[in-house]
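Engineer: Okay, here's what each chain looks like letter by letter:
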Amino acid sequence: MIRYPRRTLLRAGAAFAGAAALGFPAIVRAQADKIRIGHLTPLTGFLGVIGSYAQLGAKLAAEEINASGGILGKQIDLLSEDSINPATAATKAQRMLEQDGAVVLLGEISSASSLTIMQVAERNKKVFFSTGARSDALRGKSCNKYSFHCDIPNTVMVNAVGTALEQKGMVKGKKFFTLTADYIFGHDLLKAAKVFFGAHDANLIGDELIATDVTDFSPYLLKVRQAKPDVVCCNLAGNQVTNLVKQYAEFGFPYPLVGFNLNTGDAWAAGAGNLSGTWPTVWYHTLANPTSQAFVAAFTKKYGKPPENHAWIDYVTLKLLAEAINTTKSTDSGELIAYFEKQAQFDIGKARKAYFRSWDHQLVQEAYPFTVKPKDQMKDQWDMLVLGDVVPAANDPLETIYPTKEQNPCEMKA
Amino acid sequence: MQFEFLLEQVVNGLVLGGYYLLVALGLSLIFSVGGIVNLAHGAFYALGAYICVELTSRLGFGPSVVISPLAVALLGILFERFILRRFYTADPILSLLVTFGLAMVAEQAIRMIWGAAPVSTEIPQSFRGSVIVGDFLFSRYRLLILGVVALVMVGIWLLLHKTSFGRVVRAGIQRPDMVAALGIRLQPHMTAVVMLGVGLAALGGAFFAPITTVHPAMGADIMTIAFVVVVIGGLGSFWGVVIAALLVGVVRGIAIHFEPAAGEASIYILMFVVLLVRPRGLLGERIEKFE
Numbered sequence: 001m002i003r004y005p006r007r008t009l010l011r012a013g014a015a016f017a018g019a020a021a022l023g024f025p026a027i028v029r030a031q032a033d034k035i036r037i038g039h040l041t042p043l044t045g046f047l048g049v050i051g052s053y054a055q056l057g058a059k060l061a062a063e064e065i066n067a068s069g070g071i072l073g074k075q076i077d078l079l080s081e082d083s084i085n086p087a088t089a090a091t092k093a094q095r096m097l098e099q100d101g102a103v104v105l106l107g108e109i110s111s112a113s114s115l116t117i118m119q120v121a122e123r124n125k126k127v128f129f130s131t132g133a134r135s136d137a138l139r140g141k142s143c144n145k146y147s148f149h150c151d152i153p154n155t156v157m158v159n160a161v162g163t164a165l166e167q168k169g170m171v172k173g174k175k176f177f178t179l180t181a182d183y184i185f186g187h188d189l190l191k192a193a194k195v196f197f198g199a200h201d202a203n204l205i206g207d208e209l210i211a212t213d214v215t216d217f218s219p220y221l222l223k224v225r226q227a228k229p230d231v232v233c234c235n236l237a238g239n240q241v242t243n244l245v246k247q248y249a250e251f252g253f254p255y256p257l258v259g260f261n262l263n264t265g266d267a268w269a270a271g272a273g274n275l276s277g278t279w280p281t282v283w284y285h286t287l288a289n290p291t292s293q294a295f296v297a298a299f300t301k302k303y304g305k306p307p308e309n310h311a312w313i314d315y316v317t318l319k320l321l322a323e324a325i326n327t328t329k330s331t332d333s334g335e336l337i338a339y340f341e342k343q344a345q346f347d348i349g350k351a352r353k354a355y356f357r358s359w360d361h362q363l364v365q366e367a368y369p370f371t372v373k374p375k376d377q378m379k380d381q382w383d384m385l386v387l388g389d390v391v392p393a394a395n396d397p398l399e400t401i402y403p404t405k406e407q408n409p410c411e412m413k414a
Numbered sequence: 001m002q003f004e005f006l007l008e009q010v011v012n013g014l015v016l017g018g019y020y021l022l023v024a025l026g027l028s029l030i031f032s033v034g035g036i037v038n039l040a041h042g043a044f045y046a047l048g049a050y051i052c053v054e055l056t057s058r059l060g061f062g063p064s065v066v067i068s069p070l071a072v073a074l075l076g077i078l079f080e081r082f083i084l085r086r087f088y089t090a091d092p093i094l095s096l097l098v099t100f101g102l103a104m105v106a107e108q109a110i111r112m113i114w115g116a117a118p119v120s121t122e123i124p125q126s127f128r129g130s131v132i133v134g135d136f137l138f139s140r141y142r143l144l145i146l147g148v149v150a151l152v153m154v155g156i157w158l159l160l161h162k163t164s165f166g167r168v169v170r171a172g173i174q175r176p177d178m179v180a181a182l183g184i185r186l187q188p189h190m191t192a193v194v195m196l197g198v199g200l201a202a203l204g205g206a207f208f209a210p211i212t213t214v215h216p217a218m219g220a221d222i223m224t225i226a227f228v229v230v231v232i233g234g235l236g237s238f239w240g241v242v243i244a245a246l247l248v249g250v251v252r253g254i255a256i257h258f259e260p261a262a263g264e265a266s267i268y269i270l271m272f273v274v275l276l277v278r279p280r281g282l283l284g285e286r287i288e289k290f291e
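Each protein sequence line maps, in turn, to chains A and B. Residues in the first sequence are numbered consecutively from 1, following this note's numbering. Residues in the second sequence are numbered consecutively from 1, following this note's numbering.
Chain A with its partners taken away, still in its complex shape:
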């Protein structure tokens, strides 16, 4: 038997385990004489599940656009890769723009990665559509001229759920305990939640910041019980939400669990019978709207399962980008930005059309609170949610649920 030092072996083992955690991106190579569009989204890690949906949505949009003649008569060549983490996301974004010749970037779910891609976009003077990141700060103090934000920001999610909770008498004078994802998104969401609690006479009696790779929540749940709150509120992200929801059901606490962030993919992963409470969403596949239903039918036909909200947002973003390029007959960043800043309206499969607000580049659109269907009423494993009343209500201007210039100021340098 060969002799080898034990610690060398363990060290090598640990190095491999570390490398495994980085993941292995699927690299789609570029082809010549096409319009290249760079798509980055997390396919591994705690957001990998919902990122996989985003990739499917973007691919479907590219196929449909190409089948109907492409943009400016050219086919789209979608380079879609795993963004992995903020540092790698920035490196890949730079490479896509510099070496692969991408004319525009889109994608991302992690607010931390989105922030680094936004900086790359600004340096290279190329447009980036941050499709799934929700941190208010990206639209506020970190905003820049080249970045556009498609998903609803944290403040909107808090307002959507908060309003629904208030109607049920679950806010005023109640004691809240929050569990918060420990990165820019979670911190930002907690900030928005605190503003809401402050404005509605609710008390925040405890908060736990939780690392994104935590899979066991039992120590935190014990702390929740020790605090004896009226409502437990989840400000987590991705797999964290799924794990919390499952373990909350496991412990069977009497305090209702609600949340200011949930993606349908995480709800599906938690499974029927585990999820309860009131949550926000930007879109759900049962939404009764012809554009949405056409997308759901095409997606389900191609992939054999209904689309998740990140599939939808990446799909509509690529579609509206193609529309913008075809209208302006240009892929020039300046012309595209000018077009979007005129607040052009887009059909994104909701009752009201959406537009990018000129001063912070936020895609202003409707949002929905939802509750969970009893298991025996579900048609299939994906039919989990009951959408509540659309916010804002049909007579109110769309922007009423979005932060104002004063609340989330954005200064774009020219």
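Hints in this document: simulated from the structure, not taken from any laboratory. Misleading hints may appear alongside valid ones.
[Claimed, not checked] Quick list of the computed label-pair ranges, beta carbon to beta carbon:
| # | chain 1 | residue 1 | chain 2 | residue 2 | range |
| --- | --- | --- | --- | --- | --- |
| 1 | B | I77 | A | N326 | 58 to 64 Å |
| 2 | B | V273 | A | L204 | 33 to 39 Å |
| 3 | B | M104 | A | E411 | 42 to 48 Å |
| 4 | A | P374 | B | D135 | 33 to 39 Å |
Every residue, glycine too, gets a C-beta built ideally from N, C-alpha and C.
Fit chain B to the known structure of chain A by using the hints.
Structural biologist: Below, chain B without anything else, positioned relative to chain A:
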């Protein structure tokens, strides 16, 4: 009151440690006997969870949680005979590469069979909720896990210390050359050790499936902690791994009680300190072939 809360975290940490133990013990056994760092160990954990979810919809939870680890243990036979066996005496970097590659293949295979989106299953109704014993709150389901872990550990201890099989395995850890000189072939024992090791990992996966996200990369999540436990516990020692697993669970619980932000870092600090004081791990024996 503060003290009771802390004690509650300690007890909860012990329960969690029991679950780490399921994965770490197999990793330690395979390394101790075969000298192979099985980077594919997490893949067997994931397979255990997936097979359990798949079977639960047909057979219910009880039978699934038994059948799933057994099925994975059978896979372990193939794994040992056709892959691991070639690398016992080879340069360790080769076995690292092979098991690392296998972990990737397994993850992609799971993705192809079950899809990239997580699958889900529920805890049986009778094990939902928590019980309060004295001042402590326990999840019923985790108490069940704890009971199963305790039973399994007693079984393994008896197997290793009270049977001729166990004697050969323990001798094989220390002096494989001597075992061979006595005319005993270690390889059939190694097959059994690998079956046992990956079966335990699958048992952990099966029991954790209802309370965690069952997704293709879940194996990678558990591997880091399992490694830490093995390093802290020391090689070749059954009790070393047991104590290390419980310690890791408890230290994490205490850290989260006092300084939540340090919760996940605490176990690495623990490993660092243990290695500084006892480079061989808590109860690690001096094993000639690894020196």
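Engineer: Indicate, hint by hint, whether the structure satisfies it.
Structural biologist: Structure-based check of each hint:
no.: 1; hint: B/I77 <-> A/N326: 58 to 64 Å; in the structure: holds (60 Å)
no.: 2; hint: B/V273 <-> A/L204: 33 to 39 Å; in the structure: holds (36 Å)
no.: 3; hint: B/M104 <-> A/E411: 42 to 48 Å; in the structure: holds (46 Å)
no.: 4; hint: A/P374 <-> B/D135: 33 to 39 Å; in the structure: holds (35 Å)
The earlier numbered hints are all upheld by this structure, with none contradicted.
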